Amino acid sequence: EPEVTQTPSHQVTQMGQEVILRCVPISNHLYFYWYRQILGQKVEFLVSFYNNEISEKSEIFDDQFSVERPDGSNFTLKIRSTKLEDSAMYFCASKDSGNQPQHFGDGTRLSIL
Amino acid sequence: QKEVEQNSGPLSVPEGAIASLNCTYSDRGSQSFFWYRQYSGKSPELIMSIYSNGDKEDGRFTAQLNKASQYVSLLIRDSQPSDSATYLCAVNIYGGATNKLIFGTGTLLAVQP
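These protein sequence lines map, in sequence, to chains A and B. Position 28, counted from 1, in the first sequence is what our numbering calls 158; the numbers after and before it change by one each time, with no gaps. Position 103, counted from 1, in the second sequence is what our numbering calls 154; the numbers after and before it change by one each time, with no gaps.
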């Protein structure tokens, strides 16, 4: 069964450094998402991406965050200058259309020191 | 602010019993609803989707939807210790060209052998 893949599984970064989280969505999917989950808290929406542009972003997704689909298969989340509070699990998700369910990758655990 | 509410639990049931998990949501316009299972430290895994009022059965799982009451539930029959996990209720919220998922905090289910 096709799946969403994320790399790396764990990223440790010094505060203030840039980090790029990578995702390969399911190949025929058109809608792409990033969510995050701080330890012990709920899964929170960050951003949605469709037709090569951001469709919606949450209040969390400020100017330090950006997303890109550089080559038709990868979907990346960049955090420009990381803060301690960015420490969380980051999940990439994709779906093929409309009301269909989103399928999640295994996540990247981001630890900011 | 669109919300999804779940009892955080833990819900403890003996092996072989029926586990009943409940969820309410605030957005009356929502049309699609999902249950995800999340093991500790892992990503959300889709187990059920439901779009119409009534019941939908898949193996040991039954999802129930009542849009008038803004209520979704999940029944797990013949509960097994391997069902022990956090169950996340997620509601599709329309936003621009895409939909996003709003998650509840999840209900921790513990199946006792």
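FYI, nobody ran anything at the bench for these hints, they're computed from the structure. Given the structure is predicted, the values throughout are model-derived calculations rather than measurements. Misleading hints may appear alongside valid ones.
Below are the BS3-like pairs computed for lysine-lysine, each with C-alpha atoms no more than 27 angstroms apart in a straight line [as the list claims (entries may be wrong)]: (1) K93(B) - K118(B); (2) K107(B) - K172(A); (3) K208(A) - K187(A); (4) K107(B) - K208(A); (5) K172(A) - K208(A); (6) K213(A) - K107(B); (7) K93(B) - K172(A); (8) K172(A) - K187(A); (9) K187(A) - K107(B).
Restraint status (C-alpha distance of K93(B) to K118(B) at most 27 angstroms): violated, 30 angstroms
Regarding the pair K107(B) and K208(A), is the alpha-carbon distance no greater than 27 angstroms? Judged against 27 angstroms, a Cα distance of about 39 angstroms means the pair is violated.
Is the Cα-Cα distance between K213(A) and K107(B) 27 angstroms or less? violated, 44 angstroms
Does K107(B) sit within 27 angstroms of K187(A), going by the straight-line distance between their CA atoms? violated, 32 angstroms
Pair hint outcome, K208(A) versus K187(A) [Cα-Cα no greater than 27 angstroms]: Holds, at roughly 14 angstroms.
When you check the alpha-carbon spacing of K172(A) and K208(A), does it fall within 27 angstroms? holds, 22 angstroms
Are the Cα positions of K172(A) and K187(A) separated by 27 angstroms at most? Within the cut-off at roughly 17 angstroms; holds.
Hey, K107(B) versus K172(A), does the alpha-carbon distance stay inside 27 angstroms? Given that 27 angstroms is the threshold and the Cα spacing comes to 26 angstroms, the pair holds.
Hint check: K93(B) vs K172(A), CA-CA at most 27 angstroms. Holds or violated? Given that 27 angstroms is the threshold and the Cα spacing comes to 13 angstroms, the pair holds.
Comparing the model with each earlier hint shows violations of hints 1, 4, 6, 9; every other hint is respected.
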